[in-house]
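Number of protein chains: 2
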Amino acid sequence: MPSQTRATLLDAAIHLLDAGGLDAVTLREVSHRAGVSHNAPYKHFTDKEALLAAIAAVELQRLGTSLAAIREREPSPAEVLRAAMREYVTWAMTYPARFKLVFGVWTTGTEELAVAANASRTVLIDIVTIAQRAGLLPPGDSDRLTALLQALVHGAVDLALIGHLSPGGKGHASPEDLVDDLLGYLRIATNAESRPVPERL
Amino acid sequence: MPSQTRATLLDAAIHLLDAGGLDAVTLREVSHRAGVSHNAPYKHFTDKEALLAAIAAVELQRLGTSLAAIREREPSPAEVLRAAMREYVTWAMTYPARFKLVFGVWTTGTEELAVAANASRTVLIDIVTIAQRAGLLPPGDSDRLTALLQALVHGAVDLALIGHLSPGGKGHASPEDLVDDLLGYLRIATNAESRPVPERL
DNA sequence: ACCTGAACACCGTTCAAGT
DNA sequence: ACCTGAACACCGTTCAAGT
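Protein chains in written order, with the numbering used here: chain Y, 1 to 201; chain A, 1 to 201.
Check each hint, because a few of them may be wrong.
[Said to hold, decoys possible] If the Cβ cut is set under 7 Å, some of the chain A residues that face chain Y in the computed set are:
1. Phe103
2. Arg144
3. His154
4. Gly155
5. Ala156
6. Leu159
7. Ile162
8. Ala173
9. Leu178
10. Asp181
11. Tyr185
12. Leu186
13. Ile188
14. Ala189
15. Ala192
[As the list claims (entries may be wrong)] Residues from chain Y that keep clear of chain A, each with C-beta distances beyond 10 Å, as calculated:
16. Thr26
17. Glu29
18. His38
No wet-lab data here; the hints were simulated from the structure.
Note that CB positions come from ideal geometry on N, CA and C, so glycine has one too.
Sequences are here, hints too, so could you generate the full structure?
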C-alpha cells in the first residue's frame, strides 16, 4: 500500500537529488518539501538509506523497462544492441546523480534493489544473446560477454562524468564513441574467428 | 613545505577511509587521531574537500608511478599491457574506498588532482601505443583506444565492487577475466583488419 | 605561523505524545 | 496507522584568543 505521503517524499527526494546531488538530499529538506514534519519519513522508511534504496530501485527498474521496450520496438538485432547501449548512456548522462546513487555503495543491499538489478541484467543478456546469434558478437558465454559490454558502458559514463575522458577539450571519445568502437571491434573479431589467424612474429 | 601535522592528518584520514569508508572520515575524528584539536585541519586545508582531494591526488600519483614502474620493468609489450591493467584492478579492489574517492564527484577540481590524473593517463597512453606498434592492439587514435581500455577496467572494477558482476555465486567474470577477454578480442581484431572481411548476410 | 575552546547552524535519529 | 515537537549526539565551519 504505497501511501500518498510516501510517494510525495520520494518525489521530493528525487527532485533534490537531481537538483543538488546526493548531499542535497537531507531528510529534513525532503520532509519540508513534502509538507510534513522532519521525522515523518520514519513512518514510511526505516532509514535514510532505505529511502535512497527505494529511489535506486525505481530508477533501475525504469532502466530495465526502457531496455525491454527497445528490444520489442527495434527491428534488427544490431539496432537493438546499439540502442540499448545508448539508452544506458543517455540515462546516466541525463541523471548523473541517479546513476551515482544506483551504483553507489550499499551497506544494506535491499532485496528490492537486487531484484531490479537482476531484471535489467536479464534483459541485457537477452539482447546480447540475440546479437550473438545474428553474428554481431562473438559466440560463447552470454553472461560474460554481457558483463564485458556493461562494464565498458558503465566505465565510459563514469569517466565521462568526472571529466577523465577527452581532457584535451576536443570532443574526443564520448561514451557513445567508445561503445561504437567496442561494438566495431567485436564484430570484426566475430567474423575473424572463423578464419585462420596468421602467424605472429 | 609539508608540515608534520599536515602529513599526520593525511595519514589519519586515509586510515579512517580504508577502515570505514568515506562516511567514517570526519574532520573531528581525523583531528582526534592526529592528536590535535578538531579545527586544526583548517590551518592546513581550506576545506574538508581539500583534504580529500589531497588524498585522491596522492593515490592517483601512486597509481601512475606503479604503471610507469611496470613499463620499465616488464620486457614484452604484451606483458606490460596486461600487467598495467591488472595493477589498476588490484589497486582498486584492494582499496575500494580510495578508488571510489579518487573517481568520486569533485565540485572543486583541484589543480593537483588534474595533474596527477593526466600523469597516469599519459603513462597508459604510452603503454597502449607501444602495444599497438607490437601488433597487439588495433592501430589508430591511441588516446581513444586508451580511453576504451580504461573505461573497461574502470567499469569492471566498479561493477565488481557493487556486486553487479557474477551475481550467480559462481566465480563468473572477474574484472581480470573481462580485461583478458577484451585484450583477446582486440588482438583478434588487430590481426583480422589486415585481411579481407567476408560478406555479411 | 600554528593551535585551542567556545559557539553556530545543520543533520540523522529517537521518544513521548497526540489523533 | 500516521504525524508532531522536543531532545540528543554528531558534524563542518567560524571566530576570538592564545603562543
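Each hint tested on the structure:
1. Phe103: holds, 6 Å
2. Arg144: holds, 5 Å
3. His154: Hint holds; A:His154 Cβ to chain Y Cβ min 4 Å, cut 7 Å.
4. Gly155: holds, 3 Å
5. Ala156: Interface hint status for A:Ala156: holds (4 Å vs cutoff 7 Å).
6. Leu159: Nearest chain Y Cβ about 6 Å off; hint holds.
7. Ile162: It holds, given that the least Cβ distance between A:Ile162 and chain Y is near 6 Å, below 7 Å.
8. Ala173: Holds: closest Cβ of chain Y sits about 4 Å from A:Ala173, inside 7 Å.
9. Leu178: Holds, because the Cβ-Cβ distance from A:Leu178 to chain Y comes to roughly 5 Å (cut-off 7 Å).
10. Asp181: Status holds, d = 5 Å.
11. Tyr185: Interface hint status for A:Tyr185: holds (4 Å vs cutoff 7 Å).
12. Leu186: At about 6 Å, which falls below the 7 Å cut-off, the nearest Cβ of chain Y leaves the hint on A:Leu186 intact, so it holds.
13. Ile188: holds, 4 Å
14. Ala189: holds, 4 Å
15. Ala192: holds, 3 Å
16. Thr26: holds, 15 Å
17. Glu29: The assertion about Y:Glu29 holds, with a minimum of 18 Å to chain A.
18. His38: holds, 21 Å
Consistency with the previously given hints is maintained throughout, with no hint failing.
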